[in-house]
Structure formats: C-alpha cells, structure tokens
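Protein sequence lines correspond, in order, to chains A and B.
Numbering-wise, the first sequence is residues 1 to 108 according to this note's numbering.
Numbering-wise, the second sequence is residues 109 to 222 according to this note's numbering.
Check the hints yourself; a few may be wrong.
[As the list claims (entries may be wrong)] Derived lysine-lysine pairs resembling DSS-like cross-links, with alpha carbons at most 27 Å apart:
| id | chain 1 | residue 1 | chain 2 | residue 2 |
| --- | --- | --- | --- | --- |
| 1 | A | K51 | A | K36 |
| 2 | B | K174 | B | K163 |
| 3 | A | K95 | B | K122 |
| 4 | A | K95 | B | K149 |
| 5 | B | K149 | A | K36 |
| 6 | A | K59 | B | K174 |
| 7 | B | K149 | B | K122 |
| 8 | A | K95 | B | K174 |
| 9 | A | K95 | A | K36 |
| 10 | A | K95 | B | K172 |
[As the list claims (entries may be wrong)] Where chain B lies over chain A, by a calculated footprint (3+ residues, C-beta under 8 Å):
| id | region |
| --- | --- |
| 11 | 44-56 |
| 12 | 98-106 |
What the hints contain is simulated information worked out from the structure, not anything from laboratory work.
As the structure is a prediction and not an experimental result, all values here were calculated from the model.
Note that the Cβ used here is the ideal one computed from N, Cα and C, for glycine as well.
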Amino acid sequence: GQQVMQIPQYQHVQEGEDFTTYCNSSTTLSNIQWYKQRPGGHPVFLIQLVKSGEVKKQKRLTFQFGEAKKNSSLHITATQTTDVGTYFCLKGAQKLVFGQGTRLTINP
Amino acid sequence: GAVVSQHPSWVICKSGTSVKIECRSLDFQATTMFWYRQFPKQSLMLMATSNEGSKATYEQGVEKDKFLINHASLTLSTLTVTSAHPEDSSFYICSAPGPGDTQYFGPGTRLTVL
Chain A
1 GQQVMQIPQY QHVQEGEDFT TYCNSSTTLS NIQWYKQRPG GHPVFLIQLV KSGEVKKQKR
61 LTFQFGEAKK NSSLHITATQ TTDVGTYFCL KGAQKLVFGQ GTRLTINP
Chain B
109 GAVVSQHPSW VICKSGTSVK IECRSLDFQA TTMFWYRQFP KQSLMLMATS NEGSKATYEQ
169 GVEKDKFLIN HASLTLSTLT VTSAHPEDSS FYICSAPGPG DTQYFGPGTR LTVL
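All chains should be modelled from the sequences, with the hints used to inform the complete structure.
Structure representation (structure tokens):
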C-alpha cells in the first residue's frame, strides 16, 4: 500500500547543532507537505514541495524534494529550543498519508 | 489565514456514553474534512474522510458504527464516539484542506473515558 517512511523516529541534539529528517515514498509523489507539531499542540503547515529537485528555504529550515519525487528532507541549521517538536511529512490530497514523524528534542 | 476550530477541547466521560466532537472551518468552506486520532508520542492516524453531502470514507480497521461522522454543512463536520470505552481515550484532531490545498488542523480534542 501507499506508505511514507520517515526517519529517524527520534533525534536529540545540542542547541546549535543541525538536524535532518527524511521521508521516503514507495511511489512517485505529486507533491509533499511538511508540518510541525509542538508538544501538546496540533500540526501546523510549514511548506509544500511540488517540483522535482525543488529546494525551498525558510530562515534556518531547508526543504528538498528529490529528483525522482520519491523522497524529501527537512534540514534545520543551528537548532534553537523553539525548534522542539515533531516534524511530519504528508503526501496525498484525497488520500492523506503521514510519515511517522521525527520527534526533535534539544538540550539547551 | 484559514482557521479550523474544534469543540470541545477536552472531555471526560463515563464508559458507555457517547461523545460528539465538532470541527468547523471558520473562514473557508470545506467539502472534505479529515479526522485523526493520535496516541501519546505517536504520529497522526487518519481515521476517516468526511464528505459533505455523502457518507464518510473510513480507513481500514476503523469501525464506522463506533465513530459516526456527519458532514452537516460546508463548514461543519462532527465525529461521535459511540459507547465510548477507556481504550477510546485519545487525542482526536480534524483537518480541512484550505487555501493552497494545505491542511489546516483544528486544535484537537482530548478524550478521556473513565
């Protein structure tokens, strides 16, 4: 079936270190979206990638969509305590499939 | 920006009772809404797709008679957990596709069944 594998499941870093989470799909994606969920909160949309090889940046966050449109990554440069939360990728429009999420914790 | 509300934000009920959760899109219309449940420290699990004017589509393993979904209007979907049991205790979240086809999530409803 349609799946999105997301790794790692957990990541603990020192404040200031970089962080990356990856999503891999078994099928070609039309687009992929990324969301962040703070502890106790609900997911909030971060970005959508559509084009093959697309790279988008939001301040310290860099999002990439693979050339084959089967994988995507989110990279945070120099993490801050405000980056704590779980990052999910999402594929689909009518049929939504979330990645398992990567929970990021940071040691200040 | 687009806003989705949920009510109630938390509820505690006795085993065997039914609980209704509302999901509203406040400033946009949504012919489709999605319902999820989330256990602690786990990812969102899609339960069902709510369709305005037609029956909801349930994911495999989700009992449609236990989780009743009604998409009453273009801005309201309700999820009723019938005959709730302690194992139904969870965080229930809805979302609606808004501008740009991104998902806008409600703040969630924490259900505790005693």
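Checking each numbered hint in turn, tell me which of them this model violates, lowest number first. Numbers 3 and 6 - these are the hints that the structure violates, sorted from lowest upward.
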